[in-house]
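Participant: Starting from the given sequences, assemble the full structure and let the hints guide the process.
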Amino acid sequence: MKYILVTGGVISGIGKGVIASSIGTILKHCGLHVTSIKIDPYINIDAGTFSPYEHGEVFVLDDGGEVDLDLGNYERFLDVTLHRDNNITTGKVYQSVINKERRGDYLGKTVQVVPHITDAIQEWVETVAKRPVDGDDAEPEVCIIELGGTIGDIEGMPFVEAFRQFQFRVKRENICVVHVSLVPQPSSTGEHKTKPTQASVRELRGLGLSPDFIVCRSEKPIDEMVKYKISNFCHVSPEQVICLHDASSIYAVPLMLQEQKASQLLSDRLDLGITLQRPKNFMKKWRDLAEKHDYLRHSVTIALVGKYTQLEDSYASVIKALHHAALACNRKLDVKYIEADDLEESSKESKPVKFFEAWQNVCKCNGIIVPGGFGQRGMEGKIAVCKWARTMRKPLLGVCLGLQAAVIEFARHILGWKEANSQEMAPEGTCHVVVEMPEHNPGQLGGTMRLGKRQTIFKTGNTKLRQLYGNVDFVEERHRHRYEVNPKYVSDFESAGMKFVGQDVEGERMEIMELDGHPYYVACQYHPEYITRPLKPSPPYLGLILASIGKLDQYLARGCRMTPTDSPESSDDELPMPPHLLVKETDKPSMPRHSKPSKMQQTDDDMASADTSDSLLDKSS
1 MKYILVTGGV
11 ISGIGKGVIA
21 SSIGTILKHC
31 GLHVTSIKID
41 PYINIDAGTF
51 SPYEHGEVFV
61 LDDGGEVDLD
71 LGNYERFLDV
81 TLHRDNNITT
91 GKVYQSVINK
101 ERRGDYLGKT
111 VQVVPHITDA
121 IQEWVETVAK
131 RPVDGDDAEP
141 EVCIIELGGT
151 IGDIEGMPFV
161 EAFRQFQFRV
171 KRENICVVHV
181 SLVPQPSSTG
191 EHKTKPTQAS
201 VRELRGLGLS
211 PDFIVCRSEK
221 PIDEMVKYKI
231 SNFCHVSPEQ
241 VICLHDASSI
251 YAVPLMLQEQ
261 KASQLLSDRL
271 DLGITLQRPK
281 NFMKKWRDLA
291 EKHDYLRHSV
301 TIALVGKYTQ
311 LEDSYASVIK
321 ALHHAALACN
331 RKLDVKYIEA
341 DDLEESSKES
351 KPVKFFEAWQ
361 NVCKCNGIIV
371 PGGFGQRGME
381 GKIAVCKWAR
391 TMRKPLLGVC
401 LGLQAAVIEF
411 ARHILGWKEA
421 NSQEMAPEGT
431 CHVVVEMPEH
441 NPGQLGGTMR
451 LGKRQTIFKT
461 GNTKLRQLYG
471 NVDFVEERHR
481 HRYEVNPKYV
491 SDFESAGMKF
501 VGQDVEGERM
511 EIMELDGHPY
521 YVACQYHPEY
531 ITRPLKPSPP
541 YLGLILASIG
551 KLDQYLARGC
561 RMTPTDSPES
571 SDDELPMPPH
581 LLVKETDKPS
591 MPRHSKPSKM
601 QQTDDDMASA
611 DTSDSLLDKS
621 S
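Take the sequence shown: its position 444, counting from 1, is numbered 444 in the working numbering, and each next residue is one higher.
Check each hint, because a few of them may be wrong.
What the hints assert, rightly or not - Computed cross-link-like contacts, EDC-like style, restricted to lysine to aspartate or glutamate with a CA-CA straight-line distance of at most 20 Å:
| no. | residue 1 | residue 2 |
| --- | --- | --- |
| 1 | K171 | D268 |
| 2 | K488 | E424 |
| 3 | K261 | D223 |
| 4 | K193 | D246 |
| 5 | K459 | D492 |
| 6 | K100 | E123 |
| 7 | K92 | D46 |
| 8 | K130 | D85 |
| 9 | K220 | E191 |
| 10 | K220 | D246 |
| 11 | K453 | E476 |
| 12 | K195 | D223 |
| 13 | K488 | E506 |
| 14 | K354 | E380 |
| 15 | K364 | E344 |
| 16 | K453 | D473 |
| 17 | K354 | E339 |
| 18 | K227 | E239 |
| 19 | K364 | D334 |
| 20 | K459 | E506 |
| 21 | K227 | D246 |
| 22 | K171 | D119 |
| 23 | K499 | D473 |
| 24 | K130 | E173 |
| 25 | K220 | E259 |
| 26 | K387 | E339 |
No lab work stands behind these hints: they were computed from the structure.
Facilitator: Okay, structure coming up:
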C-alpha cells in the first residue's frame, strides 16, 4: 500500500480537498486503484449534528454515514463508494480508545495520547486503506489522506504525531507528503510572497514530517523565480514545487497537475510503476469536460429556494448536480440563491425590498429547486414558491423537505385542508399530512434518521422520472430524513392528481411524487444529488434542466436516446444520450471539492459563479 498525505499551511480552506481528489483522479487514470480518507480534527463523532453554516452540507454515504462534504468530492472525482470509516474524527478515535479502556483492553495501564491515541489513528488508517471502494473486491493500491485544518493547529497535533510515527511503520518509500500552501500577492507590491510558505514548511519539518512536494496556491500564475526561491528555502527540488493558480473551472485542476508531471513525480517517489510516456488520449474525457465548460454559449437560470443560502457550501452536492445536468444539456448554469423566508407574506411588511427582489428572481428563472432542510424557518416561503411553480407551470424539483412542502401546499390549496401542515412544523396541529417516522427517537439527534442507500420501487409505468432513470423497475438512492408523507392521506392526494409514483419496498413510504398535467413538477424524499457524477448526472436534476430549457418532451419522446456529442458548440437540438446509459462505470470521473464556509455573504452573481471558477481561496475571505 502506498500512502499520500496531504497537509495544509498558512490558512485553512486552501483547496487541499480538490488537490487530493485531483491527485487521485490522475492516478486512477493511470490504472491504479485509489481510495481516500478525510481526517477532521474536531471532537464531534460525525458531521450529522452540524449546522450547514459550520462546515457546509452533511454528506451521506451508502452505509448511512453522515460525513464531511469532502467525501462527496472524493466520490465524484474518483467515482468510488466510500464508507463511514473513511472519515476519521478526533471524537471517533477517542471514543474507540475509551471503549477499549472500559473493557480493560489496556490491562490497567495509563491511557495516553502517545502511544494509545496515535496507535489507534495508525491502525484505523491501515485498516480503512485496504477496504475496496471501486464496487469490486480489488484492494486499493494507493490511499490519499487529507489532514483537515492547518499545520500548527492544537487539535491536529495528535494526527501529525501519528503520521510522524506512521512513516517508520510503513517505511519511508511507501509514504509521501504533499504540503499545500498559500503564496499571497499583496496588491501594494504586486509580487508573490514566499515567507508564509517557508514558515509553514519549517513548522511541518519541526514536527517530524518533511514535505516531498509543495503545492503553491495563488490567485495568479507564479513565475519561475518564485518557484526556485521556494525550492531553495524549503529543501525540495524545483520540479517538486507545483504551482496552481485560480482556473476557469475546477475541472482544470487535474490537468494543471498533470501538465507539471505530477503522475511521473509521484511514480518516481513511491515506485508506482507508471510508464513515462502517457497515451495521447490520457484523461481525454476529463479534458473534454473542462473545454466544454469553458466554451458553452447558452445558459439556464435555476432559482434555489433554501434556508442556508448565505453559504454556498450548504448546498454543495445540489449545486454539483445542477452543474452536471446543465453540462449534459450544453448549458452554463446560473443559480439564483433565494432565502426562503424572504418569500413569505410576513416579509412584505418587515423587509419589503428583499421580498420583492426575491419574487423578482423567482419570476425571472427558468426552473426552481427546493432542497432539503430542517426546522420551521422559511417553510412558508417554500410552500409559497411551490404554489407559484404549480400555478404558473414552471419546472420544479423538490428534494426531501421540498417534497413535503409541495405536499402541504397541494393539501391546502387543492384539497382545501387549510390546517394542513407537517408534524415537525406544527406538533400540535390537527391535520398532519407529513408525520414523524415511528422508528425516529426524538430524544437523541445523532444518527437517528432514516439514512443511507435504500430501494425505491416504481409503481406506475409511464412517468417522467421513470423514463429519465431508463425505465427501470427500481432505483437505489441515499436518504436523510426524519419525517414522511402521511400514508393515510395518499389516496386523497392521488385522486386529486398528485401521484406518488415511487414507494419503498414495503409500499408504506412515499418516495417520488409527480403532478399530473404539469411540464415538470417532481419531488423525491431521497437525495439524488449524493450520487451525481460529471458524466452521469442525476436523472431528477437532468429532468429539471431539460424542462427548464424546453427540451424534456423531445428528449423523452425519442426514448432518452438523443445523438451523443462532446462538442461544446453542439446545436440546441442535439442533446446527449442520458449519461447513465452512455458512460461505462470505469470511465466516470467525479467532481472536486467545494470551498469551506466563507464568513462573508456573497452576492447572487458571486455565488452563482463560485462553483465553476475554482475559487479555492474563498475560504480565506
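Participant: All hints, please: hold or fail.
Facilitator: The hints, checked one at a time:
no.: 1; hint: K171 with D268; verdict: 16 Å, holds
no.: 2; hint: K488 with E424; verdict: 17 Å, holds
no.: 3; hint: K261 with D223; verdict: 17 Å, holds
no.: 4; hint: K193 with D246; verdict: 17 Å, holds
no.: 5; hint: K459 with D492; verdict: 17 Å, holds
no.: 6; hint: K100 with E123; verdict: 14 Å, holds
no.: 7; hint: K92 with D46; verdict: 8 Å, holds
no.: 8; hint: K130 with D85; verdict: 12 Å, holds
no.: 9; hint: K220 with E191; verdict: 10 Å, holds
no.: 10; hint: K220 with D246; verdict: 6 Å, holds
no.: 11; hint: K453 with E476; verdict: 6 Å, holds
no.: 12; hint: K195 with D223; verdict: 16 Å, holds
no.: 13; hint: K488 with E506; verdict: 15 Å, holds
no.: 14; hint: K354 with E380; verdict: 16 Å, holds
no.: 15; hint: K364 with E344; verdict: 18 Å, holds
no.: 16; hint: K453 with D473; verdict: 16 Å, holds
no.: 17; hint: K354 with E339; verdict: 9 Å, holds
no.: 18; hint: K227 with E239; verdict: 9 Å, holds
no.: 19; hint: K364 with D334; verdict: 12 Å, holds
no.: 20; hint: K459 with E506; verdict: 12 Å, holds
no.: 21; hint: K227 with D246; verdict: 17 Å, holds
no.: 22; hint: K171 with D119; verdict: 16 Å, holds
no.: 23; hint: K499 with D473; verdict: 17 Å, holds
no.: 24; hint: K130 with E173; verdict: 18 Å, holds
no.: 25; hint: K220 with E259; verdict: 17 Å, holds
no.: 26; hint: K387 with E339; verdict: 16 Å, holds
Going through the hint list in order, the structure satisfies each hint without exception.
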